[in-house]
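Engineer: Residue numbers (the working numbering), protein chains in the order written: chain A, 13 to 204; chain B, 36 to 232; chain C, 59 to 237.
Source of the hints: derived by calculation from the structure; they are not laboratory data.
All C-beta atoms, glycine included, are put in the ideal place defined by N, C-alpha and C.
Treat the hints loosely; a few may be bogus.
Stated by the list, open to error - Under the rule of at most 25 Å between Cα atoms (straight-line distance), these lysine to any residue pairs were calculated in the SDA-like manner: (1) A:Lys171 - B:Ser191; (2) A:Lys171 - B:Pro61; (3) A:Lys171 - B:Leu137; (4) B:Lys125 - C:Leu235; (5) A:Lys171 - B:Met56; (6) B:Lys125 - C:Gln159; (7) A:Lys70 - A:Ile113; (8) A:Lys171 - B:Thr194; (9) B:Lys125 - C:Ser223; (10) B:Lys41 - A:Ile24; (11) C:Lys184 - C:Ala173; (12) C:Lys184 - C:Thr136; (13) A:Lys171 - B:Val70; (14) B:Lys41 - C:Trp73; (15) A:Lys70 - A:Pro116; (16) A:Lys171 - B:Leu62; (17) B:Lys125 - C:Leu220; (18) C:Lys184 - B:Arg161; (19) B:Lys125 - C:Leu133; (20) C:Lys184 - B:Ser224; (21) C:Lys182 - B:Pro226; (22) A:Lys171 - A:Ala44; (23) C:Lys190 - B:Glu160; (24) A:Lys87 - A:Thr128.
To be verified - Each pair of labels, with its calculated beta carbon distance range: (25) B:Ala50 - C:Thr91: 32 to 38 Å; (26) C:Leu79 - A:Gly28: 27 to 33 Å; (27) C:Arg96 - B:Thr205: 44 to 50 Å.
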Amino acid sequence: MTVRQRLLAILITGIGGTAAAAASFAMAVYDAANPEGVALVAAGEPVDTGRWIVTVRKARAGPTPPTGIEPLEPKTFVMVEFDADNRSAETSNVLTRLLAIDPPVPNLPDPIVYLTRDGWVAGGISPGMPERMIAAWEWPPALPPPRTLRLLIGSQIYKRRDNLYGASGWFDRDPVAAVELSVSPAAAEMAQ
Amino acid sequence: MIGAIKGLAGVLLAAAMLYGMQRTTPLYSDIISPVPVAGRQGERVDTSAFAIGVADVHLAREVMASSFGRTRTYTTSGVWVIIEAAAAAKQESLSLTSAKWLGPNGVRHALSQRFSAMSGMLGSERLEPGIPRPMLMAFEVPESQLSGATLLIARSALTPLAEEAWIEMTDVRAQDIRPAVTLGRGNRSQPWTLEAE
Amino acid sequence: MTATAANTGERRRYWFSIAALAVVLPAAILVHTGDTIRERLRDMRNPIAVESGTLQRYAGADWRLTGLARLPGSLPDTTVVLAEFEATVDDPKQLAENRCQVALTDDWGRRWEPAFLPGSAVRKAKPAAADKPHCGLFEELSPGDTVMMAESFVVPEDAESLALSVSLSGALPAYLLFR
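Let the sequences and hints guide you as you build the complete structure.
Structural biologist: Below you can see the structure in the form of structure tokens.
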């Protein structure tokens, strides 16, 4: 190979590599500048989040948590009823990250998830056994309970080989959908 | 001309080989997965660290469990599988903490955490060498995943290359589902009582 | 420089690199497993056999087994073994930063770990021993202090020729074996 041929080869690979890097960078910048808005779904509409199929049903606020036992000092709970169907091959806990209040409320602890059918804290949810559950947030006493609630539904994707070990697993991704609910107030529940 | 064809063929061959190697490399999770030790329901299964035998399997729609004088009802959207077994450590004191119900469709159902406070439940007691102890397990499983399942038991779910007992559940049939099973507190040597309705 | 000369040079470098792999790969594996090997070297390997009642110097203290009693177990066919031992401090600094591991072993190589709480048999037969702490609290000691410790084990009734092994992390691979 002559020197000229070598130089030409180096030049071509250099230009090609630079072009590829520039294109990838431009795409990343474009994506960051134009975030894909999450789709707004109606209550009761199932959402495929990758690992789960989630259907958010309704929201209410009240002093009684799903266990039916009121705490000694009065508290306000904001409760969201939803269905979840595990699509993976293994039992998994319904992650508290699955549903997130948007915009975030400062100092709000993670919700506790209960089973609707017997009011117990939900453990792992197995594939093939969809469950109806209630996520209960203990609302900060300083804030009035909300009239409407906007929730972001998080997603997870499956990687057959992850980038670190080449192991298979589920990885968190951006929210895929948002749902807006009106919160039926405590008074309505008391009247029942 | 011939040289160019040879070069092209060489590149194609290399690409095919790389693709084949990429597709057939075992997953990291497979490489470090536990080593199965096969066994059957009703027989003693020996791994190097522990021995276990499944004695009875009860299927029920509901489980009533009494603790501290109160009886609570635990429902399920599938079927409760309550397993009575016995286990012993062989060389060293150890705890068994991982049990999974591997259904015929390949889904792994984790041990139900709903009455993990029940005495005798897997993981509640350390096993000592030479002292066999009764052990209770509970699963919530869809009805279609009852027969043809395998029970997987290991010291922990995460230890790479540790042994795991794979117990073939040969005698589990959907027609044996009872309406309810009651679990109660037992004594020191038999930590629970079980009544089927 | 002619083309052939360049080729020879390139070829030599190529073969040299291939040969170097044979050395570099094992070296890389050794470097990466260094921690594991070091951990292995610190395993319990050198038992110091101690007769019951005699003093043995170990990890900055003089150790002595004061009792190895068999008590009735609460489970059928089991025995509770209560081991009482003490350490007279000589070098508090050497003793302080240690993790203590206690186990009961037999001739078959079986190994029992101590129970977290002394059982009812211990409380009934030896209430003083039930209040003794586990091995491992060696803070704020001065030379001449004696630390009294007790551990209980649940073993099968037919377990024989039991020995108590005590190891401190700083003194490994040597460990005490009380018979």
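Engineer: Hints first: check each against the structure and report whether it holds.
Structural biologist: Here's how the hints hold up against the structure:
At most 25 Å may separate the alpha-carbon atoms for a hinted pair to count; A:Lys171 and B:Ser191 meet this at roughly 24 Å. The suggested pairing of A:Lys171 with B:Pro61 holds, with an alpha-carbon distance near 14 Å, which does not exceed 25 Å. The suggested pairing of A:Lys171 with B:Leu137 holds, with an alpha-carbon distance near 22 Å, which does not exceed 25 Å. A C-alpha spacing of about 21 Å is found between B:Lys125 and C:Leu235, which places the hinted pair at or below 25 Å, so the restraint holds.
Between A:Lys171 and B:Met56 the CA atoms are separated by roughly 18 Å; this keeps the pair inside 25 Å, and the hint holds. Proximity of B:Lys125 to C:Gln159 is assessed by CA-CA distance (about 20 Å); at most 25 Å being required, the pair is judged to hold. Between A:Lys70 and A:Ile113 the CA atoms are separated by roughly 14 Å; this keeps the pair inside 25 Å, and the hint holds. With a C-alpha separation of about 21 Å, the suggested pairing of A:Lys171 with B:Thr194 holds against the 25 Å cut-off.
Between the alpha carbons of B:Lys125 and C:Ser223 the distance comes to roughly 19 Å, so the proposed pair stays at or under 25 Å and holds. Simply put, B:Lys41 and A:Ile24 have alpha-carbon atoms about 23 Å apart, close enough for the 25 Å limit, and the pair holds. A threshold of 25 Å between alpha carbons decides the hint, and for C:Lys184 with C:Ala173 the separation of about 16 Å falls inside it, so the pair holds. Distance check on the hinted pair: C:Lys184 and C:Thr136 sit about 18 Å apart at the alpha-carbon level, within 25 Å; holds.
Between the alpha carbons of A:Lys171 and B:Val70 the distance comes to roughly 23 Å, so the proposed pair stays at or under 25 Å and holds. As the CA atoms of B:Lys41 and C:Trp73 are separated by approximately 24 Å, the hinted pair is consistent with the 25 Å bound. The hinted pair formed by A:Lys70 and A:Pro116 meets the criterion: a straight-line CA distance of about 19 Å does not exceed 25 Å. This hinted pair checks out: A:Lys171 and B:Leu62 have alpha carbons roughly 11 Å apart, not beyond 25 Å.
Taken as a hint, the B:Lys125 and C:Leu220 pair is honoured in the structure, with Cα atoms around 16 Å apart against an allowance of 25 Å. A distance of roughly 24 Å separates the Cα atoms of C:Lys184 and B:Arg161; the hinted pair therefore holds under the 25 Å criterion. Proximity of B:Lys125 to C:Leu133 is assessed by CA-CA distance (about 18 Å); at most 25 Å being required, the pair is judged to hold. A C-alpha spacing of about 23 Å is found between C:Lys184 and B:Ser224, which places the hinted pair at or below 25 Å, so the restraint holds.
The straight-line distance between the Cα atoms of C:Lys182 and B:Pro226 is roughly 23 Å, inside the 25 Å bound, and the hint therefore holds. Of the supplied pair hints, the one linking A:Lys171 and A:Ala44 holds, its CA atoms being roughly 23 Å apart against a limit of 25 Å. Of the pairs offered as hints, the one joining C:Lys190 and B:Glu160 holds, with about 23 Å between alpha carbons and a cut-off of 25 Å not exceeded. Our distance criterion of 25 Å between C-alpha atoms is met by A:Lys87 and A:Thr128, whose separation comes to about 20 Å.
Restraint check, B:Ala50 to C:Thr91: a C-beta distance of roughly 35 Å satisfies the suggested window 32 to 38 Å. Roughly 30 Å separates the CB atoms of C:Leu79 and A:Gly28, a value that falls within the hinted 27 to 33 Å. Taken as a hint, the range 44 to 50 Å holds for the pair C:Arg96 and B:Thr205, whose Cβ atoms sit roughly 48 Å apart.
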